[in-house]
Every structure is written in C-alpha cells, then in structure tokens.
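What follows is the residue order along each chain.
2 protein chains.
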Amino acid sequence: MIVKTFAFAAALLLGAAVAQAQAQAPDPMQLQANAAALRDQALKGSPAYPFLRDLTTEIGERLAGSDAEHRAAQWAVTRLKAMGFQNVHIESFPVPGWTRGEERAELISPSAQKLMVTSLGNAGATPPQGIEAPVALFHTYADMLAQPVGSLAGKIVVVTQPMVRAQDGSGYGALAVMRFMGAAEAEKRGAIAYLVRTLSTSDSRLPHTGATDFPPGMAPIPAGALSVPDAEQLDRLSVGGRPLRMHLVLTPTFKPGATADTVVADVVGRERPDQVVLIGGHLDSWDLGTGAIDDGAGAAITTAAAKLILDMPHAPRRTVRLALFGAEEINFAGPAFAAVRSAAEQSHYVVAAECDFGAEPVYGVALPGASAKTPYGAMLAEAIAPLPAYVDRAPARGGGEDIEPLGTHVPLASLQQDGTHYFDIHHSADDTLDKVDAQRMDKAVAAWVAFTYLAADSDVDFRAKGAL
Amino acid sequence: MIVKTFAFAAALLLGAAVAQAQAQAPDPMQLQANAAALRDQALKGSPAYPFLRDLTTEIGERLAGSDAEHRAAQWAVTRLKAMGFQNVHIESFPVPGWTRGEERAELISPSAQKLMVTSLGNAGATPPQGIEAPVALFHTYADMLAQPVGSLAGKIVVVTQPMVRAQDGSGYGALAVMRFMGAAEAEKRGAIAYLVRTLSTSDSRLPHTGATDFPPGMAPIPAGALSVPDAEQLDRLSVGGRPLRMHLVLTPTFKPGATADTVVADVVGRERPDQVVLIGGHLDSWDLGTGAIDDGAGAAITTAAAKLILDMPHAPRRTVRLALFGAEEINFAGPAFAAVRSAAEQSHYVVAAECDFGAEPVYGVALPGASAKTPYGAMLAEAIAPLPAYVDRAPARGGGEDIEPLGTHVPLASLQQDGTHYFDIHHSADDTLDKVDAQRMDKAVAAWVAFTYLAADSDVDFRAKGAL
Numbered sequence: 041m042i043v044k045t046f047a048f049a050a051a052l053l054l055g056a057a058v059a060q061a062q063a064q065a066p067d068p069m070q071l072q073a074n075a076a077a078l079r080d081q082a083l084k085g086s087p088a089y090p091f092l093r094d095l096t097t098e099i100g101e102r103l104a105g106s107d108a109e110h111r112a113a114q115w116a117v118t119r120l121k122a123m124g125f126q127n128v129h130i131e132s133f134p135v136p137g138w139t140r141g142e143e144r145a146e147l148i149s150p151s152a153q154k155l156m157v158t159s160l161g162n163a164g165a166t167p168p169q170g171i172e173a174p175v176a177l178f179h180t181y182a183d184m185l186a187q188p189v190g191s192l193a194g195k196i197v198v199v200t201q202p203m204v205r206a207q208d209g210s211g212y213g214a215l216a217v218m219r220f221m222g223a224a225e226a227e228k229r230g231a232i233a234y235l236v237r238t239l240s241t242s243d244s245r246l247p248h249t250g251a252t253d254f255p256p257g258m259a260p261i262p263a264g265a266l267s268v269p270d271a272e273q274l275d276r277l278s279v280g281g282r283p284l285r286m287h288l289v290l291t292p293t294f295k296p297g298a299t300a301d302t303v304v305a306d307v308v309g310r311e312r313p314d315q316v317v318l319i320g321g322h323l324d325s326w327d328l329g330t331g332a333i334d335d336g337a338g339a340a341i342t343t344a345a346a347k348l349i350l351d352m353p354h355a356p357r358r359t360v361r362l363a364l365f366g367a368e369e370i371n372f373a374g375p376a377f378a379a380v381r382s383a384a385e386q387s388h389y390v391v392a393a394e395c396d397f398g399a400e401p402v403y404g405v406a407l408p409g410a411s412a413k414t415p416y417g418a419m420l421a422e423a424i425a426p427l428p429a430y431v432d433r434a435p436a437r438g439g440g441e442d443i444e445p446l447g448t449h450v451p452l453a454s455l456q457q458d459g460t461h462y463f464d465i466h467h468s469a470d471d472t473l474d475k476v477d478a479q480r481m482d483k484a485v486a487a488w489v490a491f492t493y494l495a496a497d498s499d500v501d502f503r504a505k506g507a508l
Numbered sequence: 041m042i043v044k045t046f047a048f049a050a051a052l053l054l055g056a057a058v059a060q061a062q063a064q065a066p067d068p069m070q071l072q073a074n075a076a077a078l079r080d081q082a083l084k085g086s087p088a089y090p091f092l093r094d095l096t097t098e099i100g101e102r103l104a105g106s107d108a109e110h111r112a113a114q115w116a117v118t119r120l121k122a123m124g125f126q127n128v129h130i131e132s133f134p135v136p137g138w139t140r141g142e143e144r145a146e147l148i149s150p151s152a153q154k155l156m157v158t159s160l161g162n163a164g165a166t167p168p169q170g171i172e173a174p175v176a177l178f179h180t181y182a183d184m185l186a187q188p189v190g191s192l193a194g195k196i197v198v199v200t201q202p203m204v205r206a207q208d209g210s211g212y213g214a215l216a217v218m219r220f221m222g223a224a225e226a227e228k229r230g231a232i233a234y235l236v237r238t239l240s241t242s243d244s245r246l247p248h249t250g251a252t253d254f255p256p257g258m259a260p261i262p263a264g265a266l267s268v269p270d271a272e273q274l275d276r277l278s279v280g281g282r283p284l285r286m287h288l289v290l291t292p293t294f295k296p297g298a299t300a301d302t303v304v305a306d307v308v309g310r311e312r313p314d315q316v317v318l319i320g321g322h323l324d325s326w327d328l329g330t331g332a333i334d335d336g337a338g339a340a341i342t343t344a345a346a347k348l349i350l351d352m353p354h355a356p357r358r359t360v361r362l363a364l365f366g367a368e369e370i371n372f373a374g375p376a377f378a379a380v381r382s383a384a385e386q387s388h389y390v391v392a393a394e395c396d397f398g399a400e401p402v403y404g405v406a407l408p409g410a411s412a413k414t415p416y417g418a419m420l421a422e423a424i425a426p427l428p429a430y431v432d433r434a435p436a437r438g439g440g441e442d443i444e445p446l447g448t449h450v451p452l453a454s455l456q457q458d459g460t461h462y463f464d465i466h467h468s469a470d471d472t473l474d475k476v477d478a479q480r481m482d483k484a485v486a487a488w489v490a491f492t493y494l495a496a497d498s499d500v501d502f503r504a505k506g507a508l
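Here the protein sequences line up with chains L and B, keeping their order. Numbering of the first sequence is given in the working numbering, commencing with residue 41 and proceeding in unit increments. Numbering of the second sequence is given in the working numbering, commencing with residue 41 and proceeding in unit increments.
What the hints contain is simulated information worked out from the structure, not anything from laboratory work. Some hints could be false.
To be verified - Quick list of in silico lysine to aspartate or glutamate cross-link-like pairs, EDC-like style, CA-CA up to 16 Å:
(1) 475/L - 464/B
(2) 413/B - 432/B
(3) 413/B - 499/B
(4) 154/L - 432/B
(5) 154/B - 98/L
(6) 228/B - 253/B
(7) 121/B - 351/B
(8) 154/L - 306/B
(9) 475/L - 243/B
(10) 154/L - 172/L
(11) 295/L - 98/L
(12) 475/B - 458/B
(13) 475/B - 464/B
(14) 121/L - 351/L
(15) 475/B - 464/L
(16) 475/B - 94/B
(17) 295/B - 107/B
(18) 413/L - 501/L
(19) 154/B - 107/L
(20) 154/L - 272/L
(21) 84/L - 458/L
(22) 228/B - 183/B
(23) 154/B - 142/L
(24) 154/L - 98/B
(25) 475/B - 243/L
(26) 475/L - 272/B
(27) 413/L - 499/L
(28) 121/B - 272/B
(29) 413/L - 432/L
(30) 475/B - 272/L
(31) 475/L - 458/L
If we strip away everything but chain L, and leave its shape as in the complex, we get (with noise of 0.2 Å):
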C-alpha cells in the first residue's frame, strides 16, 4: 500500500495505527505507507522554516564559545522541550575560544588600495597597528608549496587559485587543504602572514571565513581570506612579476576556559529505545553572518524530522536522537560527543547521519556499505522518488565532521543535498535567512523524514552489509 497522496493522518486511519501498536515484525507495507505520509506531511510545511527563522533572528551568529554560541544552546533546549522532545539536555566540551578582532589590509604600491580581508579561524595575530611587507604571491597553492624553506622570510604569502563550482561540493573538498593547512605551510617556508583567495564560488567581495591549523608547537601567524575580485586584482596587478607590498591588521584573540554547548534530545523509541538512529546538524556557525545555510538548516532540517515522527500516534521502535553540536567549525564537537561514549554504547547505534550543506533539496542518499540493496534501500527509494532523489548506488564515503568520530562503530549515512550554489555565501557575512526558501527546504525535510523514519522503525542492520 502506497499511499503517496494523503496526509499522515489519513494514513493513520487505514489501519496504521492498529499495526503499529502491537511490538511484531515489521510490515513493509506499514513502513512504506507511514514513510510516504510523512514525507507528504514535510512537503505541506514543516517546522523546519521557523525553526531557522527564531534561531537567526534572535540569536544571530552563534561562533563556537562565544556568549551567542550559549545562548543558542539555551535556546534550543527551550525550544525542543517545547516542542515535546524527550531526554533534552546540554553536553559541554572546551573549546579554543577563538575571537575575531580588527581586519584591515591595503595595497600599498604598486597603488594604494583597499583590499577585503577576514581572519581565518585559530590564525594568530598581527601587531595592533598591522604588519608591512612584501607580498609572495602564487598562482596555485602547489607553487607555494614548491618553495624551500626559509624562502619566503619576511613575506606575506599570497595564494589565489580559485575554486571550481560542483554540485556534490567536491570542488571545496578538492582546495580546503590551501585554507586549511596553508597558513602553517606558508609559516614553515618563512613567512609573516597568509592570505588565501576565499574558498567561494561567487563574485562578491565578502570574503569567506573557515579554520585554519597550525601542528603542536607550531605559533599560529596571522591567516585571512581575500575576497575573490580582491585576489583577480592581485593577480592583475603583479603581471610581469611586479611587486606588491602591503599592510596587513588582522587582531583575533583566543578566550582561555573556553566552553561550547551540544544539545541532544530523543524520540525515545517503544521497542527498542537502546538501539538508537542519529541525526544532527550544528548549532554553531562563524561569526560573519548568521550562521542560516551553514548549518541553522542543518538543525532546523533534522530537528523539523524529528518533529514530525515524534508526532506520529506511537513512537517508532528504535529511538531517534537529535544532536545539534557545538562546535563543527572548528571540529571540536565530534570528538566530544564520541568520546563521552563507550564503544559498547556506539556499538547500538544503528546509523548516524549529519546534515551540514544548506538547505536545498536533498537528491541522493548514500547509505553505508552495501545497504543500498537491502529492503531498506528498496524502500527509502520508493519513498523518496518523487521528490525526486535516488539512493544511491554506492556506498557512503564518511558523513560529516560531527559524526565521523562515530564512524569505526557506528555506520555512516550521507543525504546530499544540491550545493551548485552553497559555496556561494558558505562562510560569509552573506549567510542570512534570506538565502533560505521554505518551501525547497521542505523538500529536504521530507528525504531526511524518510531515511530517519526508515532505519527507526525497521529492523534494518546496515552493519550486516559490511558498513563498519
């Protein structure tokens, strides 16, 4: 029985309800039926959108150990107690405490000019009155890491290779390592200063905010993003190997004590509550914005699916657990939510999932190992058709950095969603509300509702197929 076209409710009334009930084996019929209402249920308008809503507009941005960052934490235990969630409650892990002060910088000759520069996350400080150098500046980050040693002494280093645009975000994937470990690269070769063209694939001239790293030991130097026609003027401008020279502010702090906030509520589950189906996004963001695409969507997407099947008529036999970490920027809240349980605890969750990449559509699931094949896989497929997306048919490749602490025991699912224009304001002051439609977000809602409901409610092992 499908029932593609009625209302969850009116699922309910053939007969659902009844079967449900009774603690037996599961029927695929039921689970087909029940997964299509709600995923129906999704599309008609689901929590999701004032989720973000209230979450940006009251909060704002919400930077890992930051006063906002608890706030938003406090807010979501308000929210989802409110909303009749189970087991809500705040898990607290330390944090660097990261802080962006002033960022400036100029071209000095061969013109003056201003440049838009922001900090990278866990990148040191300039002087207050900034640095004054010359600039080293490459084409690609395999240039600059071509340079020996002791070569770029007393240089602001400059990488402006730009970003290709892929729906699948694998273009990000290919050049984070230029944002990511560039500064510390840059450093070990002599230099004062980093500035990488900004991880986007847009025109602004906002630049994109993310972490950098720094090994042990290692003095963070001041790090920044250039935006993208900052970086395309620098490339201009030193054409024929003409120096540049530059003054450079960039002033962030970091806060000793620092703490960030996870919370984590249940759909406790009426058979089998132990066995457990995670789904998450994060409540942090960066600082420049308001943290909507990146990753209040994320929450309020899982969140708005979780909603939905705590307001069916009886809970599903596994539990679903919501988490909304603290802290994904800078990868602190996965290693803390991991390490406060057992592998013996691990070991009865039955899938996690993350939700991190906007709020578009979701068109594919990848499912671990080989569970793309199994009844499940057959079922989320039907469920999920008309959206449209597709399960896919290869396996998932990891889940998010909140989840992948998980991932030795616990299986690994990814719901993709259409990032073509993600990296876009990803980062930047431009992620606000507005980039978010309702209505696409739904659609999300409605693939999310449908994995989650899925795997709680059956008795799919996806360990049996080789996930771990």
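Since the structure of chain L is provided, determine the placement of chain B on it from the hints.
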C-alpha cells in the same frame, strides 16, 4: 548602400573616403554605411575593456577630491593623449572632500548582533566611540515623513522600505529621495542619526553608499545605509513593536580645499569644429568598490566610441568632445563644466549624452524633442537595429547629472542601457571589474559610436525639433 557586414576599412574602400574628403552636403547612404561599419568595428572588439581594466586595476576606487581621483585624471590624460585625442586637458573645480572613516553598527537589544552599515556621502560623524540610542523604525519613507517635527528626538531613525527592480532604473529614481533627503528630514524631526535600507536589488550583506544632502545651515547628522539582510533582520526583530537599541560608529570627515578634475578631449571636426557633439561618463567613483560599472564603464564606452571615430581616415564634420567628469557622485562636475562655458558657447553644442548606467548593452535611444522622426532618427534606427536596439518614439527625459546643467542651451539625448541588475552592485564594494563582460560592453559601444558619428557627420539640428 548598407554595408552591415563589412568592417570599417572595407567600407572605405567602397568609395567612402573620396566622398567624405570633400566639404559637401552629407550623403545619407554614406553616413549609413559609415555608421554600420563603426558599429561592426565596435562589436569586433573596441578599446573599452582595456581602458576599463587598466583604470580599475591601476587606480582602483576614485572618490571625488581624493588623491586617487587625481591620479585617475592624470592617468586618463596620459591615456587619451596616447590614443591620439586632441586638446586633452584637465578642468579642476572645488569639492567638499568628504572622506569615509570608521563604520560599525551593533544591535544592543533585544540581542547583541553586528550589523553591516556604510556611511552615506556628505553625512556627518558620530563621536569616535559612537552613539548608543533607541531605534525608531519605519517600514516606509512616507511613515517617517508623517512624524511631527521633534517627535524623533534622541532616536536613531531607520527606514526599511525595499527598492523595486526595474530595467530602466525607475525603481531607484522612485526611492532615491529616501537616501538623498532622508537624513535631513529625520534631523528636522529630532533624529540623532539616520539609517536607510540600502538602495539595492540584491540580497548581499554589502551596503551601498551614495550621496545624501543637507540644506544650507543644517549640520549633517551621521547617516548610513544598512544592508538588505540587516534591514530585514531589524524588521523581524521589531515585530509587535519590540524596542531596538543600537550602537553606531560612523566617523567621516571633510577635507578643506579639495578639488576634483574633469578630463576633456576632442576629435576636432573637419568642417565645423565649433559645433560640438558632447559625450562622456564620469571618472570619479564611490570608494567602496573600484568603480567598474559606476562609472568606469561609461568612461570606457564613450572613450571607445570617440576613439573609433578618431581612427576614421577623415574626421567627421563636427567636433566630438569627450568629457570624463570628476565628481558626478556628489553632483559637482556637471555644474562646474557648464559654468565655465558661456550660453553662446553652449549654443554651438549639437547634442550632449552621458553614459552612466553600467556596462550592459544599450536597448533604446531617446533623442531630443521630436528628433526620432528626422532622417537622423531613421538612420540611427537602421544602424542599431541589429544589436538589437531601437530609437524610442518618446523624447529623452533628461540626460544625467553631468549634462543636465547644460540642458537649458543644449539638446540632451539618452542611450538606455539595461539596468535590470545594475542596482545589485551599484555604489557597493561589489562594483569591480569582474562584473563586466567585454563583449556585452562592446554592444553598448556599438550603439554609442553610431549615435555619436551620425550626429557629428550629418547636419542634424535637434533644436529644430523642439529639443529645448
């Protein structure tokens, strides 16, 4: 003889050279052939893009009265001389020398949030530490004007009326008063500062600047533009009359004794050099971007059109005068240009037209008075039809800030460019070279060169058609 598909040189080989070299009545067939050849030459690649690239790259932003604006004028003199123009010279005139300072805004309550703001040109300053005050928010400009004098005492007034997208820019025209007069109107009502939702059709966090004005004797209050997403955030936060409180830092200054430079150059006419066809754009820009679409493009398009005419084997009958104005953005260049030219001198100007609406193609040409119905109108329509573009049946309504002071004595024409997306980036940091497509800009050059050449080499008399 219509030689649409021949390059200019080819057209000359067909007999134009011999016919033109003699002082005799213009041959309509020859005019038409030359106009078509010039148009096609423009479409094959004009000097517009190299001019714009070098101006925006070597100089960058060019705020009227700044060192950069003077460097731009010197750069243009050198460039125009190298291109072979005659009578290249600078005309200097006084300007207020308004210079941007610090700009920051934060909402204090109901929650701490950064806002993206930029100061309006000619606006006053806060103390260095800024001001903190309650917000009086109005959703329309009319709502603010409806407040009694004195009723907004001590408030930071915010007006969040959105701008309408329109191809011909009329959405901007309809709302510009909100920026240009709003600060003074708010001050009359007691406001200590004024912020306007940025006049923009985009959803970027980048605010757009632009001039504001205060009547003589009124001390300028601080005034700025909030980005579109920030204005919408305030709209949401103030629902139900919830009070807002803001901290605002805007510290612009005025530079006594500042001057700006208009650059003038000629293609001297071969028969009636005292009769002038005036075209041009403005060299100055706002200081946030590099002034690519506003108005490096207009300067580049008209320079390219004049250069194509300059490169003809024989000059046109009349003089083509190119003016690259030095302070359009604060409306000081047009009055200065007119003031140094007597009414008698202006009476020899055949027509004036200003290019100040970006780098997109021209889609229509509005001529002075009833000139669309002259043989000139018919020839121009024929020349630009393939672009495609039309001659408007309605007369030109004004011509732009820089030529309107001439309008008492000089017929004005208006070449209409597609402005559908112009106000997405106009006056913002996003106004950079990468937003310009060279081939599309050359379509504008093609219309401009046809318009200009036909006016300069024919005996059209716009005055006879009720243009004044």
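Going through the hints against the structure:
no., hint, verdict
1, 475/L - 464/B, "holds, 15 Å"
2, 413/B - 432/B, "holds, 10 Å"
3, 413/B - 499/B, "holds, 15 Å"
4, 154/L - 432/B, "violated, 42 Å"
5, 154/B - 98/L, "holds, 13 Å"
6, 228/B - 253/B, "holds, 13 Å"
7, 121/B - 351/B, "holds, 13 Å"
8, 154/L - 306/B, "violated, 34 Å"
9, 475/L - 243/B, "holds, 8 Å"
10, 154/L - 172/L, "holds, 14 Å"
11, 295/L - 98/L, "violated, 24 Å"
12, 475/B - 458/B, "holds, 14 Å"
13, 475/B - 464/B, "holds, 11 Å"
14, 121/L - 351/L, "holds, 14 Å"
15, 475/B - 464/L, "holds, 15 Å"
16, 475/B - 94/B, "holds, 15 Å"
17, 295/B - 107/B, "holds, 12 Å"
18, 413/L - 501/L, "holds, 12 Å"
19, 154/B - 107/L, "holds, 14 Å"
20, 154/L - 272/L, "holds, 14 Å"
21, 84/L - 458/L, "violated, 21 Å"
22, 228/B - 183/B, "holds, 15 Å"
23, 154/B - 142/L, "holds, 14 Å"
24, 154/L - 98/B, "holds, 13 Å"
25, 475/B - 243/L, "holds, 8 Å"
26, 475/L - 272/B, "holds, 12 Å"
27, 413/L - 499/L, "holds, 15 Å"
28, 121/B - 272/B, "violated, 49 Å"
29, 413/L - 432/L, "holds, 10 Å"
30, 475/B - 272/L, "holds, 12 Å"
31, 475/L - 458/L, "holds, 14 Å"
Going through the hint list in order, the structure does not satisfy hints 4, 8, 11, 21, 28.
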